[in-house]
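**Q** Sequence:
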Amino acid sequence: MKKMRKLLAVLLTFVMVMGLGVTALADEVTYTLTIKNTKTGHTYEVYQIFTGDISGVEDHYVLANVKYGKNYGTEGELVPEEELKAIKDADTFAQTVVVTGEAFKTVPSADGNTEIKGLPAGYYLVKESTESITGHDAYTKHILQVVGDTTIKVKSAVPIVIKKVKEDDKNVGGNTDPNLSGYDVGDGYNDVADYDIGESVPFKLIGTLPDRYDDYKAYTYIFHDTLSDGLDFIEGSVKVYVDNSNGESDIDELKDITASFTIDETNGKLTIACDDLKAIENSTIVSTSKIVVTYDALLTEKAVIGLDGNENEVYLEFSNNPNLNGDGTPNDSTGNTEKDKVIVFTYELDVTKIDAELKEENEVPLEGAEFILLNEKQDKVAVVENGKLVKWVEYKEGAGSTLVSGADGKFIIAGLDDGTYYLKETKAPTGYNLLADPIKVAISATTTNIQSWDGVAANALTALTIKVDDGEAVNGALDTGIVATKVKNNAGTVLPETGGIGTTIFYIVGAILVIGAAVILITRRRMDAK
Numbered sequence: 003m004k005k006m007r008k009l010l011a012v013l014l015t016f017v018m019v020m021g022l023g024v025t026a027l028a029d030e031v032t033y034t035l036t037i038k039n040t041k042t043g044h045t046y047e048v049y050q051i052f053t054g055d056i057s058g059v060e061d062h063y064v065l066a067n068v069k070y071g072k073n074y075g076t077e078g079e080l081v082p083e084e085e086l087k088a089i090k091d092a093d094t095f096a097q098t099v100v101v102t103g104e105a106f107k108t109v110p111s112a113d114g115n116t117e118i119k120g121l122p123a124g125y126y127l128v129k130e131s132t133e134s135i136t137g138h139d140a141y142t143k144h145i146l147q148v149v150g151d152t153t154i155k156v157k158s159a160v161p162i163v164i165k166k167v168k169e170d171d172k173n174v175g176g177n178t179d180p181n182l183s184g185y186d187v188g189d190g191y192n193d194v195a196d197y198d199i200g201e202s203v204p205f206k207l208i209g210t211l212p213d214r215y216d217d218y219k220a221y222t223y224i225f226h227d228t229l230s231d232g233l234d235f236i237e238g239s240v241k242v243y244v245d246n247s248n249g250e251s252d253i254d255e256l257k258d259i260t261a262s263f264t265i266d267e268t269n270g271k272l273t274i275a276c277d278d279l280k281a282i283e284n285s286t287i288v289s290t291s292k293i294v295v296t297y298d299a300l301l302t303e304k305a306v307i308g309l310d311g312n313e314n315e316v317y318l319e320f321s322n323n324p325n326l327n328g329d330g331t332p333n334d335s336t337g338n339t340e341k342d343k344v345i346v347f348t349y350e351l352d353v354t355k356i357d358a359e360l361k362e363e364n365e366v367p368l369e370g371a372e373f374i375l376l377n378e379k380q381d382k383v384a385v386v387e388n389g390k391l392v393k394w395v396e397y398k399e400g401a402g403s404t405l406v407s408g409a410d411g412k413f414i415i416a417g418l419d420d421g422t423y424y425l426k427e428t429k430a431p432t433g434y435n436l437l438a439d440p441i442k443v444a445i446s447a448t449t450t451n452i453q454s455w456d457g458v459a460a461n462a463l464t465a466l467t468i469k470v471d472d473g474e475a476v477n478g479a480l481d482t483g484i485v486a487t488k489v490k491n492n493a494g495t496v497l498p499e500t501g502g503i504g505t506t507i508f509y510i511v512g513a514i515l516v517i518g519a520a521v522i523l524i525t526r527r528r529m530d531a532k
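Per my numbering, the very first residue in the sequence shown carries number 3; after that it's consecutive.
Just to be clear, a hint being listed does not mean it is correct.
To be verified - With a straight-line cut-off of 27 Å between C-alpha atoms, the simulated BS3-like cross-links for lysine-lysine are: (1) K119 with K38; (2) K343 with K412; (3) K304 with K390; (4) K429 with K341; (5) K390 with K490; (6) K469 with K172; (7) K304 with K341; (8) K361 with K271; (9) K172 with K393; (10) K69 with K87; (11) K172 with K241; (12) K442 with K382; (13) K488 with K469; (14) K107 with K38; (15) K155 with K219; (16) K206 with K172; (17) K280 with K361; (18) K206 with K241; (19) K442 with K469; (20) K343 with K304; (21) K107 with K69; (22) K172 with K412; (23) K280 with K155; (24) K271 with K304; (25) K155 with K119.
No wet-lab data here; the hints were simulated from the structure.
With the hints as extra help, turn the sequences into a complete structure.
**A** Shown next, in the form of structure tokens:
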């Protein structure tokens, strides 16, 4: 990242005096320049370039007898006509003028409006002191001709950037971010989402341009995006567009300028950079354009489960000095915007297998029960490794992972989205009946899917519950992201084993039946003989 040179670009204003029926101005008459849209914490330095006398009539005053001011040339000497003609282009002059000595005036900025008082007629260079420029500021340049007491409005000098993540199955509160008023960020895109591990998560970055974009001869524009450990950038997924529709056009209708950006991802740091937006041919980029980036990332087994979530942030590096260098080349100074971030959640299901006939205080966990986890449509089965979801595959015999209850009767599946699932028992513990039907499990996470998340995770995820077979909702643990349930099994009817008392009874009963049958047979034969 380039180191910002702390110098504000130039605000050059031509301050003239309104003479009331006179052609010359007394030295003691001064005027006030009011700068609107200022913010506290800055200091304006005022440098006197030229002085002179005011002549002419109202609305057509001119500066006559122009002399060098305190901070330029030899103070008090007349400025040659040739030099005045040479600086006719105030824009170029503002970029190249070099002032000397201490500032004519130094004024701290105010919140809203800043007044600079006591200015005699003349030309003045007004800039912010280098000490008051922060990394989030930019050089601004205003070329104005002012008559008498004057008010000017400072235009936006810096761009902003916002980041959005797409929520795939919940309603989102509005499509407009308050920091980018009127711009439609797209259906589903907001600051909060939840996903399964193994799913592709869509992200969108939206950057603006400064009002004074046209003042720059070249303009550097770099997105610095940071992915959390639980998200892996999907190579080849980055697309960059110019949007002049204020978000009203579909993404595939926008001009694709991806080829003009270099894309690099290293250890979760994604950089999407253009050295000079001005050099992009046929780009249609203007000060009101938005530069839009879309990309996808895979939620992996490294994802954080629960309230801490998986935060992701972006900031924008941008040119912040429209003035030319002494040799006429563009200044390469850059600044950075504030960061913007989003968050992605995922959850865990804990299952305990127990004996159905025992009361809770005598609860016995059952080891060796085998299950599979199905999605809501029951057409896909989960692949689980080390207790974490890896992916979903087509449901068919032998597909997916077998989830086996341990000695404590438990198995877990971490990395689940908010949604409905089915647990299907494929093998019951020894001595117990197999469950006839799959168990319906509904995980419900209350997330605040809005465009103005304040960065506090607890305000993004506010509740977590589980319902089993459409029963009552049971609270989960927000901090860990765990919802838990118990699955009960009934003991089956077991046939007696060989050699036991049961088989002896069978032998006795069988013998009695045989003897009885023989007696009946003999009796019938005797009766027939008679």
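**Q** Please list, smallest to largest, the hint numbers that this structure does not respect.
**A** Failing hints, ascending: 2, 4, 8, 17 and 22.
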